[in-house]
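Chemist: The primary structure of each chain is shown beneath.
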Amino acid sequence: MTVLEQPGAYRPTPPPGWQPRVDAAPLLPDAEPYRLLGTAAAAGISPDLLTRLHRELVRGRRYNTQATALTRQGRLAVYPSSTGQEACQVAAGLVLEDRDWLFPSYRDTLAAVVRGLDPVDALTLLRGDWHSGYDPHAHRVAPLCTPLATQLPHAVGLAHAARLKGDDVVALALVGDGGTSEGDFHEALNFAAVWHAPVVFLVQNNGFAISVPLAKQTAAPSLAHKAVGYGMPGRLVDGNDAAAVHEVLAEAVRRARGGGGPTLVEAVTYRIEAHTNADDATRYRPDSEVEAWRAHDPIALLEEAMRDRHLLDDEGVRAARESAERLAADLRTRMNQDPVLDPMALFEHVYADRTSQLREQAAQLRAELDAEAADAGKGE
Amino acid sequence: MTVLEQPGAYRPTPPPGWQPRVDAAPLLPDAEPYRLLGTAAAAGISPDLLTRLHRELVRGRRYNTQATALTRQGRLAVYPSSTGQEACQVAAGLVLEDRDWLFPSYRDTLAAVVRGLDPVDALTLLRGDWHSGYDPHAHRVAPLCTPLATQLPHAVGLAHAARLKGDDVVALALVGDGGTSEGDFHEALNFAAVWHAPVVFLVQNNGFAISVPLAKQTAAPSLAHKAVGYGMPGRLVDGNDAAAVHEVLAEAVRRARGGGGPTLVEAVTYRIEAHTNADDATRYRPDSEVEAWRAHDPIALLEEAMRDRHLLDDEGVRAARESAERLAADLRTRMNQDPVLDPMALFEHVYADRTSQLREQAAQLRAELDAEAADAGKGE
Amino acid sequence: MTTAVGVDTARKPATMAQALGRALRDAMAADPSVHVLGEDVGTLGGVFRITDGLAEEFGENRCTDTPLAEAGILGTAVGMAMYGLRPVVEMQFDAFAYPSFEQLISHVSRMRNRTRGAMPMPITVRVPYGGGIGGVEHHSDSSEIYYMATPGLHVVAPATVADAYGLLRAAIASDDPVIFLEPKRLYWSKADWSADAPEQVPPIGRAVVRRPGGGGRRGATLISYGPSVPVCLEAAEAARAEGWDLEVVDLRSLVPFDDETVCASVRRTGRAVVVHESTGFGGPGGEIAARVTERCFHHLEAPVLRVAGFDIPYPPPMLERHHLPGVDRVLDAVARLQWESEWTEGSAV
Amino acid sequence: MTTAVGVDTARKPATMAQALGRALRDAMAADPSVHVLGEDVGTLGGVFRITDGLAEEFGENRCTDTPLAEAGILGTAVGMAMYGLRPVVEMQFDAFAYPSFEQLISHVSRMRNRTRGAMPMPITVRVPYGGGIGGVEHHSDSSEIYYMATPGLHVVAPATVADAYGLLRAAIASDDPVIFLEPKRLYWSKADWSADAPEQVPPIGRAVVRRPGGGGRRGATLISYGPSVPVCLEAAEAARAEGWDLEVVDLRSLVPFDDETVCASVRRTGRAVVVHESTGFGGPGGEIAARVTERCFHHLEAPVLRVAGFDIPYPPPMLERHHLPGVDRVLDAVARLQWESEWTEGSAV
Ligand SMILES: Cc1ncc(C[n+]2csc(CCOP(=O)(O)OP(=O)(O)O)c2C)c(N)n1
Ligand SMILES: Cc1ncc(C[n+]2csc(CCOP(=O)(O)OP(=O)(O)O)c2C)c(N)n1
Ligand SMILES: [Mg+2]
Ligand SMILES: [Mg+2]
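Residue numbers (this note's numbering), protein chains in the order written: chain A, 1 to 380; chain B, 1 to 380; chain C, 1 to 349; chain D, 1 to 349.
I should point out that these hints are in silico values taken from the structure, not numbers from a laboratory. Here the structure is a predicted model, which means the values were calculated and not measured. The C-beta atom is built at its ideal place from N, Cα and C for all residues, glycine as well. Take these hints with a grain of salt, some might be off.
[What the hints assert, rightly or not] Pulled from the structure, derived: some chain D residues nowhere near chain C, Cβ distances all over 10 Å:
| hint | residue |
| --- | --- |
| 1 | Ala29 |
| 2 | Ala95 |
| 3 | Arg114 |
| 4 | Ala173 |
| 5 | Arg291 |
| 6 | Glu294 |
[Claimed, not checked] List of simulated lysine to aspartate or glutamate pairs, DMTMM-like, C-alpha gap at most 20 Å:
| hint | chain 1 | residue 1 | chain 2 | residue 2 |
| --- | --- | --- | --- | --- |
| 7 | D | Lys12 | D | Asp196 |
| 8 | A | Lys165 | D | Asp192 |
| 9 | A | Lys165 | A | Asp118 |
| 10 | C | Lys12 | C | Glu234 |
| 11 | C | Lys12 | C | Asp31 |
| 12 | B | Lys378 | B | Glu368 |
| 13 | B | Lys165 | C | Glu234 |
| 14 | D | Lys190 | D | Glu60 |
| 15 | A | Lys378 | C | Asp328 |
| 16 | A | Lys165 | A | Glu251 |
| 17 | B | Lys165 | C | Asp192 |
| 18 | C | Lys190 | C | Glu60 |
| 19 | C | Lys190 | C | Glu234 |
| 20 | B | Lys165 | C | Asp196 |
| 21 | C | Lys12 | C | Asp175 |
| 22 | B | Lys378 | D | Asp328 |
| 23 | D | Lys12 | D | Asp192 |
| 24 | C | Lys190 | C | Asp52 |
| 25 | A | Lys378 | A | Glu368 |
| 26 | D | Lys12 | D | Asp245 |
| 27 | A | Lys165 | D | Asp196 |
| 28 | A | Lys165 | D | Glu60 |
| 29 | B | Lys165 | B | Asp121 |
| 30 | D | Lys12 | D | Asp31 |
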């Protein structure tokens with residue numbers, strides 16, 4: 001039997017022998033998003049996990065505000081903030097093992113940072129560079145992906161390849177509510193299910209694709225309901241409840257690792273800031289809606305639950321904030337240094353074997369740069 | 001309110017106000033395909049409908065065998081037979097009103113013929129011509145579509161446009177089980193649901209995409225289960241039960257016409273012949289499987305049910321067969337005539353406004369043809 | 001689109017973005033079958049605000065925010081066109097049109113042919129294209145060759161405010177599918193223009209001499225379109241100092257291609273440089289240079305040269321100035337047009 | 001891929017299809033990271049039977065029937081390459097590769113660059129391409145320009161049985177993504193060839209003179225690749241009767257492009273015709289003619305001419321002979337290479 005062979009895979013059979021199909025019921029998400037904080041079950045969460053989540057949430061929020069500030073100073077070309085979505089980002093960044101892979105979408109630099117990336121590296125693309133900034137193999141984080149949903153089949157292919165090689169590796173792929181409308185979303189989920197690949201898909205449903213609200217994006221009961229159409233479980237979770245997101249993801253990762261195949265998780269959250277610094281969100285949504293979501297803030301939710309269990313006090317909050325300020329200060333300092341770029345690098349990595357055409361063009365640019373330098377020299 | 005506004009469209013709301021979503025339960029298909037013939041409910045089907053279905057099934061089968069024979073005589077470039085799937089083809093061809101539109105896939109010439117197209121016109125593309133053969137507006141049948149699933153968004157766009165214009169038009173779009181894996185399937189169903197467009201999608205699940213069995217195509221409980229992920233009802237039907245397919249489609253068409261939005265129907269059937277005359281099906285499936293399905297033949301099923309109700313006797317069968325033979329004889333005769341093709345037509349319809357480049361090229365071909373003709377003249 | 005006689009409408013500075021928006025508005029007002037659709041085109045008015053106000057004026061059914069799926073957008077537009085509508089599709093950025101290529105190549109470009117004229121595809125696909133705006137990866141592609149090489153499409157690229165309006169109106173009015181390439185970095189370029197009495201511009205398929213010149217022994221033709229036209233004009237100005245007299249031809253449309261205007265200029269000047277932002281290898285310049293050479297070979301004093309982007313993925317904002325064909329590179333190419341041989345051999349004029 | 005010394009393996013007639021299949025087999029045997037995936041490539045062995053036997057020999061995990069979704073196939077191949085595998089993807093027909101263009105353009109071609117070499121994309125995409133086999137609509141496209149114009153890809157097209165084997169092995173071994181264009185109508189062309197001691201062929205990027213010639217005053221170069229190479233050879237043979245001596249250059253790869261070999265020939269003959277099946281406007285011939293002209297201008301007695309498919313959607317089987325560049329059209333073009341001017345003006349050689 002190959003890894004491609006599905007247990008109980010369906011093949012039409014004529015009556016009276018209709019072959020039993022997979023039962024749909026266990027694949028369907030609950031009607032209400034799963035929530036942990038503020039429920040009785042919250043008492044069971046490990047204090048250590050809560051403390052880590054809290055620290056990263058606070059740092060994550062600060063990372064977001066700092067990055068946005070850097071756009072105003074011209075230090076970032078553009079920044080899509082994940083303010084309000086830190087619970088998803090942090091849970092995604094913490095839930096994987098070292099050997100696992102994270103496939104971020106363009107908004108998910110925070111998840112990559114939580115996973116261990118240097119923030120300056122994580123922001124390289126958004127700073128205005130063409131390259132990923134980091135070696136994807138170093139932290140097993142795929143390059144930031146701008147064409148929406150195209151990273152999802154990559155995650156499936158990688159997870160499948162790892163399984164073929166006998167490696168115990170899970171891929172976690174992030175996508176937005178808008179991205180679920182792309183054909184690549186569909187094809188990726190289908191390949192994952194057919195190949196039984198160890199992938200977890202996390203949809204951060206933040207209510208908008210730039211200006212387009214969810215109601216114009218889908219008519220589905222929930223995005224998690226899409227799972228059943230691929231034969232994988234769909235899970236709906238409160239995306240502002242860091243503990244709940246972490247638990248649901250951890251369970252899905254466990255399942256994938258154990259050979260149970262892929263899972264689709266929809267985390268319901270909200271994009272508090274505009275789409276990016278270049279966007280004007282007042283054009284398409286009322287402030288009151290934003291305010292209502294601010295009242296369901298992921299940090300506040302977690303702090304309340306931790307204080308209830310006496311796992312956090314003012315001192316703990318202060319410590320987390322200080323750590324966040326150090327992160328911000330460091331980011332500020334280092335992003336304020338101009339990166340050193342060599343224009344000749346434009347030709348360096350296009351091909352493993354550089355074509356003679358590119359050699360000619362590189363020589364042309366080299367000559368131009370030399371002439372420029374000589375001119376500048378004369379000017380002195 | 002615009003036609004785009006969904007009643008009860010979902011927009012995430014923070015707790016405690018989780019907005020009620022569409023209920024998923026009514027969207028889910030039954031576990032077993034719907035069947036009518038041989039059940040008590042069959043007594044309620046109008047004798048007239050059964051007679052029409054029967055006549056078309058018998059003619060349809062003969063059309064299939066004749067077209068396959070024509071490939072052996074080199075009169076068709078290729079023929080993808082719908083033998084075994086006639087119940088789906090006939091129901092799709094009969095269920096629409098005149099003003100409605102049919103969007104066939106490349107295997108669905110029979111549905112177009114049942115809808116009223118001249119079989120010779122319907123086979124034009126497969127004969128080796130580049131054009132649709134028929135004016136799509138004449139019978140409201142879109143051109144045969146070879147790139148799989150690409151016709152689905154067309155159907156959605158057309159149905160949406162009709163609705164915007166206030167016209168009472170439904171589009172019925174056909175696709176195969178393999179075609180459901182394409183991104184276009186996903187995007188079309190999503191647009192249809194969001195726009196509440198009057199479209200019915202009929203998946204003929206015939207077990208194979210060329211050689212690839214359903215188990216390698218999907219891990220879903222059924223293809224009809226995909227519907228819930230778009231927020232439309234999914235229906236599963238025995239695709240060899242013509243009456244059941246017709247009823248399920250008619251209901252979906254009625255719903256679409258009444259403003260109820262789209263439906264996804266999966267008809268479970270079987271491709272009795274090879275993929276096309278160029279294919280060798282013994283490479284990928286056992287004869288025993290084909291034999292099992294032959295025992296569930298759509299014509300036999302219908303004849304049995306009709307005889308039970310005394311709606312069909314030997315005479316009726318003979319009459320249907322005669323009609324089928326006439327169709328076949330006419331097809332044979334006319335397909336055996338070489339079509340008259342003018343090479344200059346290659347340039348005629350590329351643009352409404354022909355470019356000067358094409359004028360030059362047309363002149364070149366004209367000159368070549370004239371020279372050829374002159375040479376041939378000399379040879380006489 | 002005709003200018004009302006006697007109406008002396010004051011011409012004021014307007015941006016290309018404004019002219020494009022006005023063209024959409026006027027087309028929608030003139031023809032109820034014109035529908036705009038795309039990502040964020042409705043409530044937001046598009047990420048470049050080109051469609052601003054359309055949803056408000058004409059309703060969401062005429063200017064529609066679609067789900068986020070480019071193949072779906074173009075595919076449904078095909079269906080709408082089949083039913084007699086005139087869809088105007090916005091692709092948010094050049095590189096995000098790629099998911100729609102199957103619909104474009106296999107259907108939009110071929111449907112008229114396949115149905116022998118019964119199903120024309122009067123679809124306009126607006127593509128904000130090209131670089132120079134500091135966009136991150138995938139936001140600055142020059143993808144025109146993919147469209148040019150697909151028979152059945154018209155490919156249009158305006159370089160001026162008046163053309164932006166006139167060509168977009170013509171594109172929407174055309175019964176052929178038109179890829180309308182909007183040079184992003186000219187969106188905020190300005191010219192004196194009146195929305196109420198827009199200038200008449202030549203039809204799609206006609207090139208225009210933007211700067212006459214090229215007479216005498218030191219003449220040459222710069223052939224360009226879209227965002228590179230202003231670069232060529234600037235280069236021509238700078239070239240005067242070196243004693244060159246350059247004529248600048250703005251193609252305006254790549255398909256149909258105006259051989260007549262281009263070749264008339266090149267036959268007169270005997271030298272030509274094609275300038276565009278797209279990568280050079282396999283890019284539009286190859287076609288242009290080849291066809292000009294086929295038609296003007298014996299008038300040429302030098303091979304037709306090309307100044308193009310390098311054959312690399314579009315670079316990051318911080319390096320894009322090294323990639324984009326600028327005035328210096330155009331002048332360098334002009335300098336390589338073998339002027340010496342002319343002096344020594346004394347052939348031309 | 002080296003020929004074992006001393007093994008005198010009998011060369012027998014083999015088809016290009018067989019050589020391609022053997023190349024896949026040998027590549028899979030030599031390197032366990034080579035994986036084949038696509039529609040119907042497993043149990044069926046592909047609709048052209050190129051992958052026949054691979055699933056049986058190497059198991060379904062190495063030669064995999066995928067779901068029917070080309071973007072998904074190429075997109076998952078990207079992920080597999082990220083994890084160190086060497087995927088060989090089969091697109092069932094040229095036109096059915098279009099859904100995968102976003103993955104190709106935005107990822108496959110750029111991933112190495114974007115990651116500064118950390119994530120190479122050693123993916124081979126096999127595309128059965130071109131016409132002449134009586135295929136219905138969408139089964140005969142020549143789509144090479146889309147690939148050529150995308151920096152980061154190599155584009156290869158074999159014209160002989162030996163090249164089919166050698167180039168496919170080289171493509172799979174390459175760390176760069178290679179679009180491997182298989183000329184459908186040469187699948188059943190035959191040559192004496194030994195699978196057990198395949199000939200060494202020049203590497204990707206090297207053109208080859210398939211028929212030397214072009215000396216003397218009646219010489220010219222035919223430049224071609226893939227399915228048009230046999231047409232050029234036939235034309236060259238026929239041209240002898242008219243007193244022409246034609247050299248035939250087989251490009252073998254469009255990217256990288258072998259300027260050296262091509263220009264060496266053209267500089268010697270002074271005349272050239274580019275021949276390909278793809279549409280002419282915006283097609284590969286424009287690039288080829290333009291770059292040859294840039295490099296050989298003063299050696300040219302006539303403009304480089306192009307013989308290509310018309311600028312129309314690929315025609316139906318019954319009319320394809322009128323579209324395909326055949327021997328007559330090549331000879332017509334050769335006749336237009338301004339031989340008279342040579343006689344009257346008496347310039348060359
Ligand atoms: C294929 C593609 N189409 C369009 C875009 C332009 N675009 C960038 S972000 C965005 C909205 C994404 O919405 P969503 O998926 O919900 O993610 P979010 O921004 O909410 O994180 C769009 C349309 C793109 N990047 N890629
Ligand atoms: C986009 C696209 N990819 C591949 C093909 C080649 N192809 C033709 S038919 C076919 C199988 C279709 O299977 P299915 O959708 O189940 O329809 P069926 O043949 O069973 O009617 C394939 C892969 C195609 N026509 N279009
Ligand atoms: Mg979103
Ligand atoms: Mg099928």
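Chemist: Could you run down the list of hints and mark each one as holding or not?
Modeler: Results of checking the hints against the structure:
1. Ala29: 35 Å, holds
2. Ala95: Answer for Ala95 (chain D): violated, closest chain C Cβ roughly 6 Å.
3. Arg114: At about 7 Å from chain C, Arg114 (chain D) fails to clear the 10 Å cut-off, so the statement is violated.
4. Ala173: Fine: 23 Å to the nearest Cβ keeps Ala173 (chain D) off the interface.
5. Arg291: Violated, since 7 Å does not exceed 10 Å.
6. Glu294: Its Cβ does come within 10 Å of chain C, the nearest being 5 Å, so this is violated.
7. D:Lys12 - D:Asp196: The given pair, whose Cα atoms are some 11 Å apart, holds under the 20 Å limit.
8. A:Lys165 - D:Asp192: 39 Å, violated
9. A:Lys165 - A:Asp118: 30 Å, violated
10. C:Lys12 - C:Glu234: 23 Å, violated
11. C:Lys12 - C:Asp31: Given pair Lys12 (chain C), Asp31 (chain C) is violated - Cα atoms ~27 Å apart, limit 20 Å.
12. B:Lys378 - B:Glu368: 15 Å, holds
13. B:Lys165 - C:Glu234: The hint is violated at about 50 Å.
14. D:Lys190 - D:Glu60: 30 Å, violated
15. A:Lys378 - C:Asp328: Judged against 20 Å, a Cα distance of about 18 Å means the pair holds.
16. A:Lys165 - A:Glu251: 23 Å, violated
17. B:Lys165 - C:Asp192: 39 Å, violated
18. C:Lys190 - C:Glu60: Status violated; Cα separation ~30 Å.
19. C:Lys190 - C:Glu234: 16 Å, holds
20. B:Lys165 - C:Asp196: 30 Å, violated
21. C:Lys12 - C:Asp175: Given that 20 Å is the threshold and the Cα spacing comes to 32 Å, the pair is violated.
22. B:Lys378 - D:Asp328: 18 Å, holds
23. D:Lys12 - D:Asp192: 5 Å, holds
24. C:Lys190 - C:Asp52: 18 Å, holds
25. A:Lys378 - A:Glu368: 15 Å, holds
26. D:Lys12 - D:Asp245: 31 Å, violated
27. A:Lys165 - D:Asp196: 30 Å, violated
28. A:Lys165 - D:Glu60: Since the Cα atoms of Lys165 (chain A) and Glu60 (chain D) sit roughly 14 Å apart, the hinted pair holds (cutoff 20 Å).
29. B:Lys165 - B:Asp121: Between Lys165 (chain B) and Asp121 (chain B) the Cα gap is close to 30 Å, so the pair fails against 20 Å, i.e. violated.
30. D:Lys12 - D:Asp31: 27 Å, violated
Consistency with the previously given hints fails for numbers 2, 3, 5, 6, 8, 9, 10, 11, 13, 14, 16, 17, 18, 20, 21, 26, 27, 29 and 30, ordered from lowest to highest.
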